[in-house]
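Q: These are the residues of each chain, in order.
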Amino acid sequence: MAAADELAFHEFEEATNLLAETPNVTTVSRSDQRPPEGHVAVAVDPGGSYGAEDEVESDKTALLQEQQQQPGFWTFSYYQSFFDVDTSQVLDRIKGSLLPRPGHSFVRHHLRNRPDLYGPFWICATLAFVLAITGNLTVVLAQRTDPSIHYSPQFHKVTVAGITIYCYAWLVPLALWAFLQWRKGVRERMGPYTFLETVCFYGYSLFIFIPTVVLWLIPVPWLQWLFGALALALSAAGLVFTLWPIVREDTRLVASVLLSAVVLLHALLAMGCKPLPLEHMAPTHQNTPPHPHGVLTPTPPRPTTA
Amino acid sequence: MAEAAESPGDPRTTSPRPLFAGLSEISISQDIPVEGEITIPMRSRIREFDSSTLNESVQNTIMRDLKAVGKKFMHVLYPRKSNTLLRDWDLWGPLVLCVTLALMLQRGSADNENDGGPQFAEVFVIIWFGAVTITLNSKLLGGNISFFQSLCVLGYCILPLTVALLVCRLVLLAKPGPINFIVRLFVVIVMFAWSIVASTAFLADSQPPNRKALAIYPVFLFYFVISWMILTFAP
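Those sequence lines, one after another, are chains A and B.
For the first sequence, the numbering used here assigns the number 1 to the initial residue and increments by one for each residue that follows.
For the second sequence, the numbering used here assigns the number 1 to the initial residue and increments by one for each residue that follows.
Isolated chain A, as found in the complex (with noise of 0.2 Å):
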């Protein structure tokens, strides 16, 4: 049948192929835009005209990424390029990070895949001074009710918060970066964020703990736990919404397993912001101060008490 062969397209010859190979495989038509779950989507020809069967909105992304002329990395309109956003733009990706809705990716939906580095630098920033002025606060008011405890203003707590904050909002994402990258192969769908993407999302989903440090000022014990649990949960969910489209396709348990690490994370962090209740700081007939943070201020070991 040298005929036929002759008159059958060269693109449906690797199909067949397949199929052959493969008899149980359904093949998903091109107006089919969501291959069905637990199938494989066949490609046809990667490189060609039929294309991958991406979503359309990973063939946008490539179309946007390419307008994006990036210069080189040591000019200066390289890094402008990451500050090029506005006023109105910054406060609705706050917004978009402090009410965080299934289904609605922070990426996709605020971001737009323009990243900017502003909000997570300055947001990591403010944080950092936040925390350190809460603790020098807190110690103030604690001298009030008791006043054996010795006041100091404790200056190198800024450094030590500011240090941890970047640190966490910087290693994190990356490390979860080059996760994604190495389980890059297992998706066929979508493809992962940018290192930026990530830390963007990153840096914004820390917003909510500004208002929370402030607030946990009050000293009541359960209302500190709840504002923690609170801001934690809105800033977990936040950041769980936003991996989850590109986690579902991975296998259960790596998908379980690299949520939870995410939350933990995220957790422990919260865990160390938050002040310790003011029974735990003892009187001073010692001359080292109280040290009201948790984990962040690192406490020099302490002669025991009479």
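By construction, these hints were calculated from the structure, which means they are not laboratory data.
Heads up, a few of these hints could be off.
What the hints assert, rightly or not - Residues of chain A placed beyond 12 Å of chain B at every Cβ, according to the derived structure:
{"no.": "1", "residue": "Arg183"}
{"no.": "2", "residue": "Leu258"}
{"no.": "3", "residue": "Val262"}
Unchecked claim - Here are the in silico distance ranges between beta carbons for each label pair:
{"no.": "4", "chain 1": "A", "residue 1": "Asp146", "chain 2": "B", "residue 2": "Ala174", "range": "16 to 26 Å"}
{"no.": "5", "chain 1": "B", "residue 1": "Ala204", "chain 2": "A", "residue 2": "Pro211", "range": "24 to 34 Å"}
{"no.": "6", "chain 1": "B", "residue 1": "Asn60", "chain 2": "A", "residue 2": "Leu217", "range": "52 to 62 Å"}
Because the structure is a prediction, the values reported are computed rather than measured.
Here a beta-carbon is modelled for each residue, glycine too, at the ideal position from N, C-alpha and C.
Since the structure of chain A is already known, use the hints to place chain B on it.
A: Frame of chain A; chain B shown alone:
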């Protein structure tokens, strides 16, 4: 005198003449000067200026710089929208203010190394790195102010906070108590607001209009941190 023989466009004809149509009809005569001198009127004055400052007395030189710095201090204390701070920037004022602030804020004898207020180096680093970061931020957002102009403005606008620190130190010599604290709080808040107003008056115009708040917020944070260091200072 040009003798350009140009055929004038006939106003009664409605057909438009092509561009430069008349150029081919210009004849250049000998009377048009095509050579001469290009003189920049400023140049001779500047040369005079330079040679005169070389010969002037040391007192004149120092007084001129001091007067420039003093004029800028006045501009900060009575902020109006003017370009003086921006045009002739200098970093003497910021250096003097920063050193004064750091010297007065550093802790005296502390019981424990980790407590107490900031060291001299910490204040110095916070002020200069804070100013550099704010400048970088405003340039990255698209502002058209130069690096040193912005440093100059931010440094000079620390003047009200330095005054607040001096007042606080004087107030702390009196008896400690809540009134003491209220007075200090009030002074620091007023001076903080003054610093912000002064720096906004100079810096706001250089930002693109829909990003002004984004550029001013770090300035607010910067002066807030300095005010906090001043308020929590305990001798």
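Q: If you check each hint against the structure, which ones fail?
A: none
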